[in-house]
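K.L.:
Chain by chain, the residues run as shown.
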Amino acid sequence: AQSVAQPEDQVNVAEGNPLTVKCTYSVSGNPYLFWYVQYPNRGLQFLLKYITGDNLVKGSYGFEAEFNKSQTSFHLKKPSALVSDSALYFCAVRDMKKAAGNKLTFGGGTRVLVKP
Amino acid sequence: SAVISQKPSRDICQRGTSLTIQCQVDSQVTMMFWYRQQPGQSLTLIATANQGSEATYESGFVIDKFPISRPNLTFSTLTVSNMSPEDSSIYLCSVASIAGGSETQYFGPGTRLLVL
Chain A
7 AQSVAQPEDQ VNVAEGNPLT VKCTYSVSGN PYLFWYVQYP NRGLQFLLKY
57 ITGDNLVKGS YGFEAEFNKS QTSFHLKKPS ALVSDSALYF CAVRDMKKAA
107 GNKLTFGGGT RVLVKP
Chain B
3 SAVISQKPSR DICQRGTSLT IQCQVDSQVT MMFWYRQQPG QSLTLIATAN
53 QGSEATYESG FVIDKFPISR PNLTFSTLTV SNMSPEDSSI YLCSVASIAG
103 GSETQYFGPG TRLLVL
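Residue numbers (the working numbering), protein chains in the order written: chain A, 7 to 122; chain B, 3 to 118.
A couple of the hints might just be wrong.
[Stated by the list, open to error] No farther apart than 16 Å at their CA atoms in a straight line, the calculated lysine to aspartate or glutamate pairs in the EDC-like style are these:
| id | chain 1 | residue 1 | chain 2 | residue 2 |
| --- | --- | --- | --- | --- |
| 1 | A | 83 | A | 72 |
| 2 | B | 9 | B | 28 |
| 3 | A | 109 | B | 105 |
| 4 | A | 83 | A | 70 |
| 5 | A | 109 | B | 88 |
| 6 | A | 28 | A | 70 |
| 7 | A | 103 | B | 105 |
| 8 | A | 103 | A | 91 |
| 9 | B | 67 | B | 88 |
These are computed hints drawn from the structure, not numbers from a lab.
Okay, chain B solo, but in the shape it has when bound:
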């Protein structure tokens, strides 16, 4: 399975500011994803980060709020813009990797964000 790291692991931010989260994978992967896990909730897909093209956003998520970069096959960033307390969540990066002949998503350790 792929080894995925995220920076920062946690942060406390003031409302109105922006935070950029980095995701680094130890091997080249085609598909990278960003998820949000609000307190006590399940995971919700924010967007698919496509290398060489714009990210594909899910319903309810927009590029102005969550701009994503994917400069190469091992790295992606998610920015949470103009933050409000409602953005307090765990943000997780995942990658799709072929394991046992089929695709599996593996997750990074997450970034815990608290917005005051």
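Bound conformation, chain A alone:
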């Protein structure tokens, strides 16, 4: 079975400071990893994904994430947070094994609050 853990329910950061949102995963095969963001009263927006290749993935709105196979982690980062980055962030995983189908498993979400 595949699973995702986001250990922090909420992350508070001052505007202009670095932002990190943590994610660890568990799959039986190799992972596809995703980050999504949900703004208030909106659907989920795709930020970035890791499939294979370079461990550092760059995505939308200045976000990036680093895949670490030995630590089974895929932490989301932004060098300088903006107040507008305040939202709910979800990490998701899909097992590359064909038998796992296309099912995405989501973490519990981390609320990010960026203070001016």
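Since the structure of chain A is provided, determine the placement of chain B on it from the hints.
P.N.:
Quick look at chain B alone, frame taken from chain A:
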């Protein structure tokens, strides 16, 4: 990425009634999915909507409660039947699309359902 719309965007319903949610995509897609996001919770996959065959339901979800239609490659409906207050959630449609040589799921804006 695919442009996905959902109708209605929100609704307030009485217990015991049913609501049908529509999902429309601007391009033909093979895979469509329905998720539920209960208040303050993460996303849970309800079912995969298969064109030309019955939907594939996840554990804990049954066709009698959540019948799904997929008449073509751009449209799907989810019905929430015999509703109770516990069905109050955001219901999200998603589609799998090939982006950058690999599959990514994109989400609609969601339907916010309150059952009284």
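K.L.:
Give me the numbers of the hints this structure contradicts, sorted from smallest to largest.
P.N.:
5 and 8
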